[in-house]
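Number of protein chains: 2
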Amino acid sequence: MEMNTLNNNNNNQSDSSSPPQRKRVMNPVDPEEFRKQGHMIIDFLADYYTKVSNFPVRSQVEPDYLRKHLPDSAPLVPEPIESILEDVQEHIIPGITHWMSPNYYAYFPSSGSVAGFMGEMLSSGLNVVGFNWISSPAATELETIVMDWLGEVLKLPQQFLYKSSNNNGGGVLLGTTCEAVLCTLVAARDKKLSQIGRNNIGKLVVYGSDQTHSSFGKAAQIAGIQNVRAIKTKRSNSFALKADSLLSTIHSDVKNGLIPIYLCATVGTTATTSIDPLMELCDVAKEYEIWVHVDAAYAGSACICPEFRSCIDGIEGANSFSFNAHKWFLTNLACCCLWVKDHNALTKSLSTNPEFLRNKASESKQVIDYKDWQITLSRKFNALKLWLVLRSYGVENLRNFLRSHVNMAMTFEGLVKLDKRFAIGATLTEEHHVIMAWKLIQEHADSLLGSS
Amino acid sequence: MEMNTLNNNNNNQSDSSSPPQRKRVMNPVDPEEFRKQGHMIIDFLADYYTKVSNFPVRSQVEPDYLRKHLPDSAPLVPEPIESILEDVQEHIIPGITHWMSPNYYAYFPSSGSVAGFMGEMLSSGLNVVGFNWISSPAATELETIVMDWLGEVLKLPQQFLYKSSNNNGGGVLLGTTCEAVLCTLVAARDKKLSQIGRNNIGKLVVYGSDQTHSSFGKAAQIAGIQNVRAIKTKRSNSFALKADSLLSTIHSDVKNGLIPIYLCATVGTTATTSIDPLMELCDVAKEYEIWVHVDAAYAGSACICPEFRSCIDGIEGANSFSFNAHKWFLTNLACCCLWVKDHNALTKSLSTNPEFLRNKASESKQVIDYKDWQITLSRKFNALKLWLVLRSYGVENLRNFLRSHVNMAMTFEGLVKLDKRFAIGATLTEEHHVIMAWKLIQEHADSLLGSS
Chain X
2 MEMNTLNNNN NNQSDSSSPP QRKRVMNPVD PEEFRKQGHM IIDFLADYYT KVSNFPVRSQ
62 VEPDYLRKHL PDSAPLVPEP IESILEDVQE HIIPGITHWM SPNYYAYFPS SGSVAGFMGE
122 MLSSGLNVVG FNWISSPAAT ELETIVMDWL GEVLKLPQQF LYKSSNNNGG GVLLGTTCEA
182 VLCTLVAARD KKLSQIGRNN IGKLVVYGSD QTHSSFGKAA QIAGIQNVRA IKTKRSNSFA
242 LKADSLLSTI HSDVKNGLIP IYLCATVGTT ATTSIDPLME LCDVAKEYEI WVHVDAAYAG
302 SACICPEFRS CIDGIEGANS FSFNAHKWFL TNLACCCLWV KDHNALTKSL STNPEFLRNK
362 ASESKQVIDY KDWQITLSRK FNALKLWLVL RSYGVENLRN FLRSHVNMAM TFEGLVKLDK
422 RFAIGATLTE EHHVIMAWKL IQEHADSLLG SS
Chain W
2 MEMNTLNNNN NNQSDSSSPP QRKRVMNPVD PEEFRKQGHM IIDFLADYYT KVSNFPVRSQ
62 VEPDYLRKHL PDSAPLVPEP IESILEDVQE HIIPGITHWM SPNYYAYFPS SGSVAGFMGE
122 MLSSGLNVVG FNWISSPAAT ELETIVMDWL GEVLKLPQQF LYKSSNNNGG GVLLGTTCEA
182 VLCTLVAARD KKLSQIGRNN IGKLVVYGSD QTHSSFGKAA QIAGIQNVRA IKTKRSNSFA
242 LKADSLLSTI HSDVKNGLIP IYLCATVGTT ATTSIDPLME LCDVAKEYEI WVHVDAAYAG
302 SACICPEFRS CIDGIEGANS FSFNAHKWFL TNLACCCLWV KDHNALTKSL STNPEFLRNK
362 ASESKQVIDY KDWQITLSRK FNALKLWLVL RSYGVENLRN FLRSHVNMAM TFEGLVKLDK
422 RFAIGATLTE EHHVIMAWKL IQEHADSLLG SS
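Chains as they are written, first to last, in the working numbering: chain X, 2 to 453; chain W, 2 to 453.
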């Protein structure tokens with residue numbers, strides 16, 4: 002690659018209307034430039050973490066604040082990294098809401114960590130595209146192994162783990178829960194349509210509760226499914242979806258000629274932290290051959306602690322399970338862990354086999370091509386991040402980290418109970434007590450305690 | 002956050018069956034630990050780039066090579082970064098196919114760069130979740146601005162730029178083309194179904210050619226659209242989709258009671274680098290109110306050079322346009338740039354409005370909430386990467402970088418022509434001549450020249 006030698010200095014003299022013939026151009030991956038700038042950015046971010054708790058958590062800017070600070074057009078000539086970092090400091094930092102601040106309590110907590118960041122860096126630096134095994138065997142194999150590790154720590158049934166399910170089940174890393182729900186929903190849809198004919202898509206019906214995350218309705222919308230049931234829950238039942246409510250809704254739908262295909266059960270709902278009773282729901286679902294997906298977006302992390310594992314009791318009856326490691330598991334955005342019992346159901350809907358991707362390894366069926374387990378073709382080396390988190394902290398430290406949050410939440414709940422202006426919103430079982438309390442502290446501590 | 006002080010040493014003594022009460026746990030974002038490890042990873046990657054050209058480009062491992070090198074379970078106790086990096090060196094590097102090698106010519110080229118990596122680092126380090134404006138105004142506003150910059154450099158019609166379209170059009174950063182196609186397809190589908198009723202989904206039909214990327218068929222599958230036309234192309238027409246072939250296919254479909262909704266036209270197909278004639282195709286589409294998406298996944302980058310801009314002549318008739326900056330624009334994976342003329346068509350299909358995301362800024366309609374332009378809810382601060390690429394290299398350097406590849410491709414094409422064992426596959430126009438030649442060198446130079 003002799004032509005790609007570094008020569009930034011005379012590139013700006015060229016005229017766009019007269020392309021040069023064999024001009025020497027810059028080397029975009031010059032190792033020494035990489036080293037220099039990399040160290041600068043690391044120091045920039047380390048300094049940011051040192052002072053982040055001093056910033057107002059929520060950005061104070063007004064809509065359209067940024068345009069007046071930036072030029073109208075992209076620069077024609079290169080600008081030094083020093084000027085760019087100055088602009089980040091002056092114009093970008095004031096415009097961000099500081100998810101990495103220890104005073105941040107909105108939505109879900111910032112779950113970035115040293116290990117999560119280092120894993121992301123390695124993945125971005127190696128910059129492999131792991132759509133199939135051959136395009137980077139390590140990217141595929143590490144993902145399968147790490148998902149088996151994590152599945153074991155969560156005490157998922159053997160059918161969800163690749164190795165111990167005789168390669169029928171297994172885990173995959175996606176970006177977000179929305180993707181996990183969409184992929185499994187499409188798999189469930191197509192499984193049913195292959196039996197009853199594709200023209201019956203209008204008859205399909207899917208189930209959640211009025212507490213289910215909005216991404217469920219969106220996934221159904223994207224998948225072309227028009228019948229979405231948001232079954233009513235009650236405060237007296239801690240806003241959990243009751244099996245008999247599900248059953249009566251199904252009965253009514255079936256009587257009307259509709260065909261049930263999918264239930265999205267939630268462990269730790271966003272608004273009320275309710276936990277749907279998996280065992281009873283799966284029993285109902287089984288009778289109607291309904292695919293059960295369990296969305297434990299934030300609460301799933303806590304299940305690595307033996308004392309909280311009961312939150313997902315009944316998971317053995319489900320078809321798929323997902324949680325977001327970027328929510329409460331020290332993994333930088335984005336990292337959604339999805340396990341399925343039958344990955345053929347996914348690949349039947351999502352696989353493609355264009356001529357330019359054919360290779361002996363795929364044809365041998367001895368390898369996984371994760372492109373067929375997800376929406377997109379291209380994918381990063383996702384597993385490095387989760388691997389570094391598990392190794393850098395170790396499972397016991399991760400458990401203690403989660404426990405420390407639960408302890409803080411219990412303390413906070415005690416404070417809330419002392420204040421007559423507040424009430425705990427739902428009768429709590431021991432398990433979601435801690436999760437609800439955790440959510441309380443995450444969502445309200447900021448305004449209650451005036452910590453920012 | 003007093004409880005989060007660093008105390009890695011005694012955490013491993015705990016027993017998982019007896020949760021500690023108010024134990025001090027590790028600080029997952031300790032700035033000095035971040036600084037130390039960050040510098041180590043930067044050096045690790047810089048060293049990797051120094052020697053990457055010495056490795057065999059394609060990994061030489063056999064399926065299931067990795068399990069025997071790794072433990073069966075996740076570690077209970079923390080491991081130092083030094084041990085982890087040793088394992089990366091010994092067990093991961095031999096298992097990757099080196100997309101960053103200068104000798105890599107498969108699929109599309111490694112498009113990582115110093116600037117792309119630094120942008121990704123900043124985004125991962127700030128770790129903001131930019132689903133709506135309020136969650137980090139800078140993440141939204143920089144994206145809108147940078148996409149206006151890049152749209153202007155590409156000379157996209159004003160209707161595709163946010164500012165100059167009176168805020169009707171605009172750009173968004175997604176992960177891959179698959180997402181761009183799925184989002185626009187769903188928008189087109191729902192626009193039609195809102196007129197004719199959702200029960201008519203089985204009548205909808207979408208169009209591409211037999212050269213269109215496989216992600217088009219997959220997106221249609223996900224969106225529940227069963228009628229997908231892969232219109233035949235011919236070598237004599239350089240494998241481009243002819244407008245009269247499109248028209249006769251539409252005629253036949255309409256006669257059979259089907260309803261045309263979407264055309265995926267391609268500028269630079271994967272297998273044969275053909276360029277569909279946008280102007281003629283858009284004329285046909287307009288007559289039938291068909292949404293035209295233009296997929297210029299790799300070739301779009303070249304259109305920043307005035308001499309290659311004619312590849313997308315006719316784009317003014319399209320509804321949406323996308324290209325992948327991670328393919329040929331020095332941006333690390335993943336970065337798909339999508340522009341639309343009417344972002345309301347996207348948000349009508351993809352918006353959600355759960356109680357926990359409501360806020361004054363969104364309700365004022367003065368801001369963009371990009372969650373409603375994409376499949377997922379969560380999203381990273383995507384624009385930093387592209388902003389750093391544009392600023393660090395400058396538009397003129399980027400043009401020269403692309404031109405240097407085209408020049409190499411022309412040289413290579415000359416060599417191919419001299420060798421009687423090879424023929425150029427299609428009659429070439431001047432514009433896709435260079436793109437086809439570029440693809441040739443990318444895909445075949447390795448085996449032809451024996452460079453690895």
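Think of the hints as simulated: they come from the structure by calculation, not from any bench. You may find that some hints are simply not true.
Chain copies aren't distinguished; within one or between two, either way the pair holds.
What the hints assert, rightly or not - Think about it this way: if two alpha-carbon atoms lie no more than 30 Å apart in a straight line, the pair counts; the simulated DSSO-like pairs of lysine-lysine are:
{"hint": "1", "residue 1": "69", "residue 2": "366"}
{"hint": "2", "residue 1": "256", "residue 2": "156"}
{"hint": "3", "residue 1": "52", "residue 2": "349"}
{"hint": "4", "residue 1": "52", "residue 2": "37"}
{"hint": "5", "residue 1": "204", "residue 2": "418"}
{"hint": "6", "residue 1": "361", "residue 2": "204"}
{"hint": "7", "residue 1": "164", "residue 2": "69"}
{"hint": "8", "residue 1": "164", "residue 2": "418"}
{"hint": "9", "residue 1": "156", "residue 2": "361"}
As the structure is a computational prediction, the values presented were derived from the model and not from experiment.
May I ask which of the numbered hints given earlier this structure violates, with the numbers listed in increasing order? 2, 3, 5, 6, 8 and 9
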